[in-house]
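J.: Mind docking chain G on chain S? Use the hints.
Chain by chain, the residues run as shown.
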Amino acid sequence: MLSTCLYLAPKILIRAAVLLIFVCVPSVSPALEEDPLKDMALGFTIEEEGLNQDGGKFISIGGYLESRNQVRVKDVDEPISLRQRLWLDCYLGQDWIRGFASAYFDYDPAVRDWTDDTNELYYLELNEAYLTVDTERIDFIFGKKMMRWGTGDGINPMDLINPRDYRDPIASARADARLPILLANGIFLLGPVTVEGVLIPKPEVNKFSLPDSPWEPEGLRELRRSAQSGEIVLAPREEPDTWFQDAEFAFRASTVWKGLDLALLYYNGYTDDPGYHRDYLTDGRMRFTPRYHCYQAYGFNFAKGFERATIRGELAVKPALPFSIHPNDPSYEKNSNGLVSRDLYQGVIGIDRTFFTNLYVNLQFFTDLIENGQESLAAKRESHGITFEISDKFLDDDLTAGFRGMYFTSNDGSACEIFAEYKIGDNWQIAPGYMTFNGPKDSRLGQFNDNDMIYCRLRYSF
Amino acid sequence: MKKIPIFLLVLMSVFAVSLPIDAGQLNGRDIAIKMDAVDTSLDSERTAIMAINRKGQKLVRKMETYRKNYGPDERSLIKFIEPPDIRGIMYLTWSYEDIERDDDMWIFLPAESLVRRISGGGKKGSFMRSDFANEDIEKREVDDDEHRLLRTEEFSDVDCYVVERVSKKQKDTNYSKRIVWVRKDTWLPMKVEYYNKRGKHFKTGIYGGFKEIKGIWTVTKTMVETPRKRSKTLMQYDNVDYNIGLSDAIFEQSNLKR
Chain S
2 MLSTCLYLAP KILIRAAVLL IFVCVPSVSP ALEEDPLKDM ALGFTIEEEG LNQDGGKFIS
62 IGGYLESRNQ VRVKDVDEPI SLRQRLWLDC YLGQDWIRGF ASAYFDYDPA VRDWTDDTNE
122 LYYLELNEAY LTVDTERIDF IFGKKMMRWG TGDGINPMDL INPRDYRDPI ASARADARLP
182 ILLANGIFLL GPVTVEGVLI PKPEVNKFSL PDSPWEPEGL RELRRSAQSG EIVLAPREEP
242 DTWFQDAEFA FRASTVWKGL DLALLYYNGY TDDPGYHRDY LTDGRMRFTP RYHCYQAYGF
302 NFAKGFERAT IRGELAVKPA LPFSIHPNDP SYEKNSNGLV SRDLYQGVIG IDRTFFTNLY
362 VNLQFFTDLI ENGQESLAAK RESHGITFEI SDKFLDDDLT AGFRGMYFTS NDGSACEIFA
422 EYKIGDNWQI APGYMTFNGP KDSRLGQFND NDMIYCRLRY SF
Chain G
-5 MKKIPIFLLV LMSVFAVSLP IDAGQLNGRD IAIKMDAVDT SLDSERTAIM AINRKGQKLV
55 RKMETYRKNY GPDERSLIKF IEPPDIRGIM YLTWSYEDIE RDDDMWIFLP AESLVRRISG
115 GGKKGSFMRS DFANEDIEKR EVDDDEHRLL RTEEFSDVDC YVVERVSKKQ KDTNYSKRIV
175 WVRKDTWLPM KVEYYNKRGK HFKTGIYGGF KEIKGIWTVT KTMVETPRKR SKTLMQYDNV
235 DYNIGLSDAI FEQSNLKR
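As you go down the protein sequences, you meet chains S and G in turn. Each residue of the first sequence is one higher than the last, beginning at 2 in our numbering. Each residue of the second sequence is one higher than the last, beginning at -5 in our numbering.
Bound-form chain S, shown alone (with noise of 0.2 Å):
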């Protein structure tokens, strides 16, 4: 038995040498079983943050807590405004088809000193409600929506399809703020082409600011002074809002060849801002109308990335756009409606780079070019300038800090702001700034000269 055992032995050692490089050599785990991360502590773990939870939620709501204030150099005593902001975003749904909206309501006492009306004092506002439908080539969103398009900073001549937000129009020294509008959406990929196509059923336009706002532009604010003194007579505004019938669209081909996104654009819509028809009353008076004209215009953008730098560039042509005659000009006659075509040209060349780390310069020209004709116009046939932007990142990266503005080369004033943005933790952000603007008291810019301010902005996110 035991002799037997001892002969048996080798063959079934041999036969178990073999069984182990068959089942266990090529699993190769126990090498892998070495983990250095094992015994390493961060000081909390990813666990006790809820973190690895699975992302696929079917509803997710966030949003923040804010302060901003924002109070003229000037005039101390008289805020542009203390605004107090709750805002609520909510993400619906996670595959192919899914919604989002947000909404804010804002309370601000600094309008008190502007205006009564209590719908100004408390704001609620239903900003952005959406449903995306996300397929393999086409895509649909339909909804009230923002929707910017332009490769430039700040300066996108066919950026046409939200308006200016008449409320609190400066979204920083050299970008307006917009508000989202009804629309649908069609994504569409043709190959290396993606076609968009944009439907707006109601036309949105920029409203008016209120009367004595901070930002009431100085026209404005003329025109309903001498409305009120009864010199002349302000119509109400002729607001095209007949739902399909004045429908705006819009149309983008676009494509990256060669590194290069390359778009054509068209828009087919009416201005955000009226031309003012004059006729004449039987008591002689003259009687200003806001007519919003419907108009074409046609774009190209362009946009390249290098390894430390990208160009942008855009150009647009509207043709045919009602601009007013200036009073002097001899065209200027009772027959006349005080407005005259003209096309419109305007571009806009920029690059941007970053220096040593995080040392972010960012500078841009543009121009708009008035097609010439024998009456002089009201506007300036050119105007052109320059929008920049230098900053950087200290304290590892917790504080952003540095400069931006916008220049007007052709005399119509500037706008220069200092700003910085600090991060505590993931939740808080302190933003405080200085901005001013600076020009003759009837240019674009110099006409807010008023509105120099420093500002704070607090906010909580969640």
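Simulated from the structure, these hints should not be mistaken for lab results. Fair warning: there could be bad hints in the mix.
List of simulated lysine-lysine pairs, BS3-like, C-alpha gap at most 30 Å [claimed, not checked]:
{"#": "1", "chain 1": "G", "residue 1": "K165", "chain 2": "S", "residue 2": "K305"}
{"#": "2", "chain 1": "G", "residue 1": "K163", "chain 2": "S", "residue 2": "K39"}
{"#": "3", "chain 1": "S", "residue 1": "K394", "chain 2": "G", "residue 2": "K165"}
{"#": "4", "chain 1": "G", "residue 1": "K208", "chain 2": "G", "residue 2": "K163"}
{"#": "5", "chain 1": "G", "residue 1": "K191", "chain 2": "S", "residue 2": "K424"}
{"#": "6", "chain 1": "G", "residue 1": "K52", "chain 2": "G", "residue 2": "K194"}
{"#": "7", "chain 1": "S", "residue 1": "K58", "chain 2": "G", "residue 2": "K162"}
{"#": "8", "chain 1": "G", "residue 1": "K73", "chain 2": "S", "residue 2": "K305"}
{"#": "9", "chain 1": "G", "residue 1": "K194", "chain 2": "S", "residue 2": "K394"}
{"#": "10", "chain 1": "S", "residue 1": "K39", "chain 2": "G", "residue 2": "K133"}
{"#": "11", "chain 1": "G", "residue 1": "K73", "chain 2": "G", "residue 2": "K208"}
{"#": "12", "chain 1": "G", "residue 1": "K185", "chain 2": "S", "residue 2": "K394"}
{"#": "13", "chain 1": "G", "residue 1": "K205", "chain 2": "G", "residue 2": "K165"}
{"#": "14", "chain 1": "G", "residue 1": "K223", "chain 2": "S", "residue 2": "K259"}
{"#": "15", "chain 1": "S", "residue 1": "K145", "chain 2": "G", "residue 2": "K73"}
{"#": "16", "chain 1": "S", "residue 1": "K394", "chain 2": "G", "residue 2": "K208"}
{"#": "17", "chain 1": "G", "residue 1": "K28", "chain 2": "G", "residue 2": "K194"}
{"#": "18", "chain 1": "S", "residue 1": "K259", "chain 2": "G", "residue 2": "K185"}
{"#": "19", "chain 1": "G", "residue 1": "K208", "chain 2": "G", "residue 2": "K165"}
{"#": "20", "chain 1": "G", "residue 1": "K162", "chain 2": "S", "residue 2": "K305"}
{"#": "21", "chain 1": "G", "residue 1": "K185", "chain 2": "G", "residue 2": "K73"}
{"#": "22", "chain 1": "G", "residue 1": "K162", "chain 2": "G", "residue 2": "K185"}
{"#": "23", "chain 1": "G", "residue 1": "K49", "chain 2": "G", "residue 2": "K162"}
{"#": "24", "chain 1": "S", "residue 1": "K39", "chain 2": "G", "residue 2": "K205"}
{"#": "25", "chain 1": "S", "residue 1": "K208", "chain 2": "S", "residue 2": "K75"}
{"#": "26", "chain 1": "G", "residue 1": "K118", "chain 2": "S", "residue 2": "K424"}
{"#": "27", "chain 1": "G", "residue 1": "K165", "chain 2": "G", "residue 2": "K191"}
{"#": "28", "chain 1": "G", "residue 1": "K28", "chain 2": "S", "residue 2": "K394"}
{"#": "29", "chain 1": "S", "residue 1": "K394", "chain 2": "G", "residue 2": "K205"}
{"#": "30", "chain 1": "S", "residue 1": "K259", "chain 2": "G", "residue 2": "K49"}
{"#": "31", "chain 1": "G", "residue 1": "K208", "chain 2": "S", "residue 2": "K58"}
T.: Only chain G this time, still in chain S's reference frame:
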């Protein structure tokens, strides 16, 4: 002829199977090529969770990442989920094997519904205020660096090649060199030491959570520590999946939307 004992043959077989390729036959670039070839997938998706401890302050980030190969080139999409102030921001990158060709990169800013072309200019900057630099996150091509095999040694009880990597584009990197410990068995990194431009070791990355997913060995945890800043970042990958047949449309600009 004298017969070789069977048990010796068995021992030799075991030895031959478990021993990696002789280090003498490999140079630094060969090891880099082996590392590059570990991920044989056509596409992948994963959820990345980043926990940062900066001098006791706690920061957390969560993002979904998608990647697809296009021949030797690659496209990737990152969607941020946390923290709340950057929720919905997306980065789309088309990167090319040809190191002379610049990557195409776009960012989607959800508040404005705006897609913007960006450049890779901020590569040296920190990734989301973590210990990772942007250049640590992006895919590096083998020919982005010069590779030199320094030695072989054990790290954390695992046999490793120790390889020095020096970027060919020194002006675009924070590092004068990186020294990488590479597992001999799976060609995954175990440890990386980062040296600043003055040649001083200032940051260390440790890799772990090695898992075989659909036949592909994968690092699922990385800890990077910068002692000077008293800062540590743990990146953990969950829900990792390969060869799922991701649509090309995911990697188009038109997909950059909420």
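J.: Now tell me if each hint is right for this structure.
T.: Outcome of the hint check:
{"no.": "1", "hint": "G:K165 to S:K305", "in the structure": "21 Å, holds"}
{"no.": "2", "hint": "G:K163 to S:K39", "in the structure": "35 Å, violated"}
{"no.": "3", "hint": "S:K394 to G:K165", "in the structure": "19 Å, holds"}
{"no.": "4", "hint": "G:K208 to G:K163", "in the structure": "35 Å, violated"}
{"no.": "5", "hint": "G:K191 to S:K424", "in the structure": "28 Å, holds"}
{"no.": "6", "hint": "G:K52 to G:K194", "in the structure": "27 Å, holds"}
{"no.": "7", "hint": "S:K58 to G:K162", "in the structure": "44 Å, violated"}
{"no.": "8", "hint": "G:K73 to S:K305", "in the structure": "23 Å, holds"}
{"no.": "9", "hint": "G:K194 to S:K394", "in the structure": "23 Å, holds"}
{"no.": "10", "hint": "S:K39 to G:K133", "in the structure": "26 Å, holds"}
{"no.": "11", "hint": "G:K73 to G:K208", "in the structure": "24 Å, holds"}
{"no.": "12", "hint": "G:K185 to S:K394", "in the structure": "29 Å, holds"}
{"no.": "13", "hint": "G:K205 to G:K165", "in the structure": "35 Å, violated"}
{"no.": "14", "hint": "G:K223 to S:K259", "in the structure": "41 Å, violated"}
{"no.": "15", "hint": "S:K145 to G:K73", "in the structure": "23 Å, holds"}
{"no.": "16", "hint": "S:K394 to G:K208", "in the structure": "42 Å, violated"}
{"no.": "17", "hint": "G:K28 to G:K194", "in the structure": "28 Å, holds"}
{"no.": "18", "hint": "S:K259 to G:K185", "in the structure": "37 Å, violated"}
{"no.": "19", "hint": "G:K208 to G:K165", "in the structure": "39 Å, violated"}
{"no.": "20", "hint": "G:K162 to S:K305", "in the structure": "24 Å, holds"}
{"no.": "21", "hint": "G:K185 to G:K73", "in the structure": "27 Å, holds"}
{"no.": "22", "hint": "G:K162 to G:K185", "in the structure": "21 Å, holds"}
{"no.": "23", "hint": "G:K49 to G:K162", "in the structure": "34 Å, violated"}
{"no.": "24", "hint": "S:K39 to G:K205", "in the structure": "14 Å, holds"}
{"no.": "25", "hint": "S:K208 to S:K75", "in the structure": "28 Å, holds"}
{"no.": "26", "hint": "G:K118 to S:K424", "in the structure": "20 Å, holds"}
{"no.": "27", "hint": "G:K165 to G:K191", "in the structure": "10 Å, holds"}
{"no.": "28", "hint": "G:K28 to S:K394", "in the structure": "38 Å, violated"}
{"no.": "29", "hint": "S:K394 to G:K205", "in the structure": "37 Å, violated"}
{"no.": "30", "hint": "S:K259 to G:K49", "in the structure": "45 Å, violated"}
{"no.": "31", "hint": "G:K208 to S:K58", "in the structure": "26 Å, holds"}
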